[in-house]
Amino acid sequence: MSADKLPEHPDFLWRNPEPKSSYDAVIVGGGGHGLATAYYLAQNHGMTNIAVLEKGWLAGGNMARNTTIIRSNYLWDESAAIYEASLKLWEILPEELDYDFLFSQRGVMNLAHTLGDVRESIRRVGANRLNGVDAEWLEPAQVKELCPILNISDNIRYPVLGATYQPRAGIAKHDHVAWAFARKCDQLGVDIIQNCEVTGFLKDGNRVVGVKTNQGTIHTEKVGLCAAGHSSVLAEMAGFRLPIQSHPLQALVSELHEPVHPTVVMSNHVHVYVSQAHKGELVMGAGVDSYNGYGQRGSFHVIEHQMAAAVELFPIFARAHVLRTWGGIVDTTLDASPIVSTTPVDNMFVNCGWGTGGFKGTPGAGLTFAHTIATGTPHALNRPFALERFETGALIDEHGAAAVAH
Amino acid sequence: MLLIPCPHCGPRDETEFHYGGQAHVPYPGNPNELDDRQWAEFLFYRENPKGAFAERWLHSTGCRQWFNMVRDTATYDIQAVYRMGEPRPTTTPPGGGSRATGGPTGPSAAHAGTPASPEGARP
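Chains as they are written, first to last, in this note's numbering: chain A, 1 to 406; chain H, 407 to 529.
Mixed in with the good hints there might be a few duds.
[Said to hold, decoys possible] Each computed DSS-like pair below joins lysine-lysine, with the alpha-carbon atoms no more than 30 Å apart:
#, chain 1, residue 1, chain 2, residue 2
1, H, Lys456, A, Lys212
2, A, Lys5, A, Lys279
3, A, Lys88, H, Lys456
4, A, Lys173, A, Lys144
5, A, Lys279, A, Lys144
6, A, Lys20, A, Lys203
7, H, Lys456, A, Lys279
Bear in mind the hints are in silico, worked out from the structure with no lab data behind them.
Use the sequences and the hints to build the structure in full.
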């Protein structure tokens, strides 16, 4: 087929403007969190003279590299509050953004494989219910009923002893989520500027007054950092440190299959989490690679370990073929909770540390970070997630609570 | 998978090792005099560079000894390996830039800059 026979390009969902010389606020990072922040700045706070700067293409970082799991069944009150607020936003966003991004509340199961897991899980179900988060404890037979392809026999290395289940949890189509936010941001007047890499910051004393980029200098009154794995690099440019370590986190998809997997299954103990995308790929995530890395790739033995766990839990997957594997760079904190906070630099704010669980937090991060940027003070939901917690000791230790796989 | 040149045992697969994070973080010499900010720095704040990073590794299933390694966190090239207690050697990444992007990889590059010969250096 020759090029002149190709159909017209569909309408673009956002403009690609040249950066203006100044904005009221600049968001660094055009992923889900940056776009959601810009959307709520414009929608809730009337700040429409703002820009989102993305060094690559829109939503091409972790937004394109996650396993799209959305849930809110965290143990601690602070986490349950922000993730549940986020889940409630997911429930209304398709209508609010006028974009069906295939949010599917097919439930998420967190398997228990040891007596310790069982006790922790039942405790978490109780804590969730007290916080208004839907949660159930399932016995192995109920697990099998909900997800018939799961192997619940007791002759495997880590038998399934039960699971927690959150029916309102699920998955969404990650790129459509980004496009939905981007289109709405654009309609509200936000400039989304791709291929615009931040190379430094302009400061007047301790106050940030501008951003240096490969497309020129942009003056601004406020800067919000939403750069996930590269947050430390930006903070260093701005002259402060973050308690963040960047690690590769790998995931993979199989080729397309008939629908076989009706829900989302996560197993922290054997380090795998699996769902089936709308098109039919099996989507599987692993634990992080142990070493610090910015390479967007990890070591093969991590995938091997994850596949071994997946095949033991889902014997039907043994003949599936891997189509593609990839790595994202996740920004982990030592208490496995995010940082949505003011910074030591005046008028500069940071949203980072979401680690392995940032996708589900996209709307909640955007809502609370926009509030923090617009008013200069935290929203009630992100007040506990300030940088100061590492000095006061008021950590939100979700490591033991939500374990490795977010 | 990384091929890590243990300074005691020579090159081995990454699966034999455990990661220990940033190297050269001494325990405070004056712990009673530290304020909350300084304790936070010691406990929670670590370097997180995109580029050369001095880090600790433990050869758990080999000689079971800790050692230090300078590795580029963007390319994963190993630039130097040295024993605990030795200072961080000055390393020049392949190409001489601040960060290698297309430098050689593999065991030969992994040995560049290694102070003690790792080959056959088994005690």
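Quiz prompt | Unmet hints by their number, sorted upward, for this structure | solution = Structure breaks hints 3 and 7.
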